[in-house]
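2 protein chains.
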Amino acid sequence: MKKAVVLLSGGMDSATTLAIAHQAGFLCYALSIDYGQRHHSELQAAANIGNLIQVASHQFIKLDLTTLASSALTDPSTTLPTKEEPGEIPITYVPARNTIMLSLALAWAEVLQSYDIFIGVTAVDYSGYPDCRPDYIAAFQKMTNLATKAGREGKYFQIHAPLINCSKAAIIRKGITLGLDYSLTVSCYQADESGHACGHCNACRIRHAGFIAAGIADPTRYQEK
Amino acid sequence: MKKAVVLLSGGMDSATTLAIAHQAGFLCYALSIDYGQRHHSELQAAANIGNLIQVASHQFIKLDLTTLASSALTDPSTTLPTKEEPGEIPITYVPARNTIMLSLALAWAEVLQSYDIFIGVTAVDYSGYPDCRPDYIAAFQKMTNLATKAGREGKYFQIHAPLINCSKAAIIRKGITLGLDYSLTVSCYQADESGHACGHCNACRIRHAGFIAAGIADPTRYQEK
Chain A
1 MKKAVVLLSG GMDSATTLAI AHQAGFLCYA LSIDYGQRHH SELQAAANIG NLIQVASHQF
61 IKLDLTTLAS SALTDPSTTL PTKEEPGEIP ITYVPARNTI MLSLALAWAE VLQSYDIFIG
121 VTAVDYSGYP DCRPDYIAAF QKMTNLATKA GREGKYFQIH APLINCSKAA IIRKGITLGL
181 DYSLTVSCYQ ADESGHACGH CNACRIRHAG FIAAGIADPT RYQEK
Chain B
1 MKKAVVLLSG GMDSATTLAI AHQAGFLCYA LSIDYGQRHH SELQAAANIG NLIQVASHQF
61 IKLDLTTLAS SALTDPSTTL PTKEEPGEIP ITYVPARNTI MLSLALAWAE VLQSYDIFIG
121 VTAVDYSGYP DCRPDYIAAF QKMTNLATKA GREGKYFQIH APLINCSKAA IIRKGITLGL
181 DYSLTVSCYQ ADESGHACGH CNACRIRHAG FIAAGIADPT RYQEK
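Chains as they are written, first to last, in our numbering: chain A, 1 to 225; chain B, 1 to 225.
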């Protein structure tokens, strides 16, 4: 079996990506990064999803980005946005987050002699983050093949972003056909310790709209009002 | 003053790079990564050099790569090589190290609104690491401008590698003209806690040969035999 490193945040996109990689026949190595996110229950969700899909190994790397980078996602004193501003990059943007996570995945992949890295970014319904676009993924892939010993030896890394052109509804339909239990995933930027979602931050709104568009009952565990 | 983020390991190349950035008029923000390297006194050397050059800020980020990646540089049970094998990438190669470090520098740079990142890689006398080559640096720079909010807003990040075409002797001569005290720097892969060098690992050999080629007395503090 070919090995793949899969970045697993615990949200629905990365969980679906893991299910896709598993379905495609890869032996999956899940990597989750504790970067000081305020929605810490996301990491427990990642652990539960890794168990569900029976990954070969699951590593959690602690990297405190709060000393370098402030973001509404890591700073609990910031109020989270509840609507999107068209054309704006939101305050929940964490500088260079996907670049840092893909770099860590690359290090592990090279050690595992895996040449396939999966990331659940999507350029549709994506909150306007620049590091979710196809051009970015292509540029990262090109860089990896110059960065590594494996690349120099003629092995070719591929960065797979199977959801990059999918709407949230399409992601949900795909995951359901793969047997994914979305009640295990946490998308909410301010989920409580048990992973219950607030229901009104942008991540909650986009997620809930996805279930409606997919015509599937929303299994999200919401906080009691 | 324009701000620059400078990766500072505590070795002679990154120290010289910091001196060059400072001399060029940048307000320097030094970033050092504690990635579990066995030559931990390198980080104390980084602190001393940051003080000498009076950086605006110096951040130390702890990132335990030992769970993902084994390398002779992080695994104290491995015997370090004392000669180079032509054409081989040595066992001291840490997978994706420069990619991870540049990614962290990018995150900080974006927060500081700095568009200049300095790294002390060199493609000459460089021990054969793939992530020290000009093509790699160019590919990383291209990726950064797609990865970031700043890049999307038309600001352009530059990855400066001012030593990339310099021999060790040229680096040493440059640093001496900038007033750098190389006795503060630690290159040895197995320096002791006080930063005294072993004198026979590859890093020590390349460094010592550099001083000889530059015609400058080697100020390295060696361990007593």
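If you're looking for bench data, these hints aren't it; they were derived computationally from the structure.
Mixed in with the good hints there might be a few duds.
The list cannot tell twin chains apart, which means a pair is met if one copy fits it or any two copies do.
EDC-like, lysine to aspartate or glutamate: derived pairs with alpha carbons at most 20 angstroms apart [what the hints assert, rightly or not]:
# : residue 1 : residue 2
1 : LYS2      : ASP34
2 : LYS174    : ASP64
3 : LYS149    : ASP135
4 : LYS142    : GLU224
5 : LYS149    : ASP218
6 : LYS155    : ASP116
7 : LYS62     : ASP181
8 : LYS62     : ASP34
9 : LYS155    : ASP218
Here the structure is a predicted model, which means the values were calculated and not measured.
The hints, checked one at a time:
no.: 1; hint: LYS2 / ASP34; in the structure: neither (27 angstroms within a copy, 32 angstroms between copies)
no.: 2; hint: LYS174 / ASP64; in the structure: neither (33 angstroms within a copy, 35 angstroms between copies)
no.: 3; hint: LYS149 / ASP135; in the structure: between (24 angstroms within a copy, 14 angstroms between copies)
no.: 4; hint: LYS142 / GLU224; in the structure: neither (47 angstroms within a copy, 46 angstroms between copies)
no.: 5; hint: LYS149 / ASP218; in the structure: neither (45 angstroms within a copy, 32 angstroms between copies)
no.: 6; hint: LYS155 / ASP116; in the structure: within (11 angstroms within a copy, 32 angstroms between copies)
no.: 7; hint: LYS62 / ASP181; in the structure: neither (26 angstroms within a copy, 35 angstroms between copies)
no.: 8; hint: LYS62 / ASP34; in the structure: both (5 angstroms within a copy, 12 angstroms between copies)
no.: 9; hint: LYS155 / ASP218; in the structure: neither (42 angstroms within a copy, 41 angstroms between copies)
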